[in-house]
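There are 2 protein chains.
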Amino acid sequence: MNAEFSIRPALAADVPLILDFIRRLAEYEKLAHMVVADEALLSEQLFGPRAHVEVLLAFEGDTPAGFAVFFHNFSTFLGRKGIWLEDLFVLPEMRGRGYGKRLLLKLAGLAAERGCGRFEWAVLDWNQPSIDFYKSLGAVPLEDWTIFRVTGDALRKLGEMAKQV
Amino acid sequence: MNAEFSIRPALAADVPLILDFIRRLAEYEKLAHMVVADEALLSEQLFGPRAHVEVLLAFEGDTPAGFAVFFHNFSTFLGRKGIWLEDLFVLPEMRGRGYGKRLLLKLAGLAAERGCGRFEWAVLDWNQPSIDFYKSLGAVPLEDWTIFRVTGDALRKLGEMAKQV
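From first to last, the protein sequence lines stand for chains A and B. Taken in order, the first sequence gives residues 31 to 195; the numbers are from the working numbering. Taken in order, the second sequence gives residues 31 to 195; the numbers are from the working numbering.
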């Protein structure tokens with residue numbers, strides 16, 4: 031029998047563990063080269079005075095099993111905030127035990143408690159196991175929307191252009 | 031010559047104007063049936079004590095021309111917050127004058143001022159004029175990601191399941 035599963039909000043002392051999860055998730059997504067976060071940045075952004083991001087940590091007994099990073103988004107059509115799940119990750123050796131589902135359910139419960147109208151996240155199109163899992167929970171893919179992003183030099187350039195208008 | 035264009039943050043007294051913009055945007059997106067927001071909800075969510083959503087209003091002289099609704103998201107890989115543009119809308123009769131671009135540039139400037147690593151939004155796939163416009167500004171479509179959403183009865187059901195685990 032497995033040690034007991036538990037979920038709790040992350041504390042400032044958990045930043046090294048959170049960074050480790052972020053790196054492992056990036057490796058899984060084949061995006062490890064994109065991780066530039068460090069402990070100082072995460073401490074400020076997750077636990078500083080203006081923090082708006084929340085983290086849940088999952089454990090099997092005392093052993094870290096996974097994490098979820100989320101914040102509130104907003105729907106103008108509903109006039110209500112929602113929960114945006116930025117990252118959900120269960121360590122490969124801890125999979126198949128329902129931990130990912132329990133993290134998702136925990137967040138759905140938080141969404142209900144907080145009066146949220148939506149619970150949303152983004153999935154890589156090749157990640158079929160996750161897609162099947164999300165659909166089994168009643169999540170619907172927004173097939174007709176595409177996310178656009180400006181970052182790095184392109185963002186700096188736009189920011190400079192903003193000074194000219 | 032046109033009256034002068036200006037952009038300012040919305041105030042609580044602007045809620046009726048914001049709601050009008052939301053409804054006009056929904057009509058343009060052929061989603062008018064989805065708007066349930068009202069003035070009370072918007073006042074609470076945009077200007078209440080726990081508000082986390084911001085609105086910019088654009089004017090031509092004293093005439094409302096468009097709006098942008100945004101909030102901060104977060105990239106775990108960067109360890110930095112970003113700006114998520116939830117809605118951008120310029121009234122059809124005010125288009126072709128560069129107002130949408132100036133709203134976007136204003137937000138890119140805000141992203142730079144606030145130390146954001148990304149500036150992102152979602153676009154309907156049939157909205158080719160907007161897609162071309164965004165690409166011309168250096169925005170990149172995240173073709174391999176799909177947004178998943180749980181809302182309404184499915185979200186309530188998941189929230190109920192959360193109590194059982």
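These are computed hints drawn from the structure, not numbers from a lab. Mixed in with the good hints there might be a few duds.
[As the list claims (entries may be wrong)] Taking lysine-lysine pairs in the DSSO-like style, the calculated list, with each CA pair at most 27 angstroms apart, reads:
1) A/Lys187 - B/Lys136
2) B/Lys131 - B/Lys60
3) A/Lys187 - B/Lys60
4) B/Lys60 - A/Lys165
Verification of the supplied hints:
This hinted pair checks out: lysine 187 of chain A and lysine 136 of chain B have alpha carbons roughly 12 angstroms apart, not beyond 27 angstroms. Taking the CA atoms of lysine 131 of chain B and lysine 60 of chain B, the gap is near 23 angstroms; set against the 27 angstroms cutoff, the hint holds. Between the alpha carbons of lysine 187 of chain A and lysine 60 of chain B the distance comes to roughly 34 angstroms, so the proposed pair goes past 27 angstroms and is violated. Between lysine 60 of chain B and lysine 165 of chain A the alpha-carbon distance is near 25 angstroms, which keeps this suggested pair within the 27 angstroms criterion.
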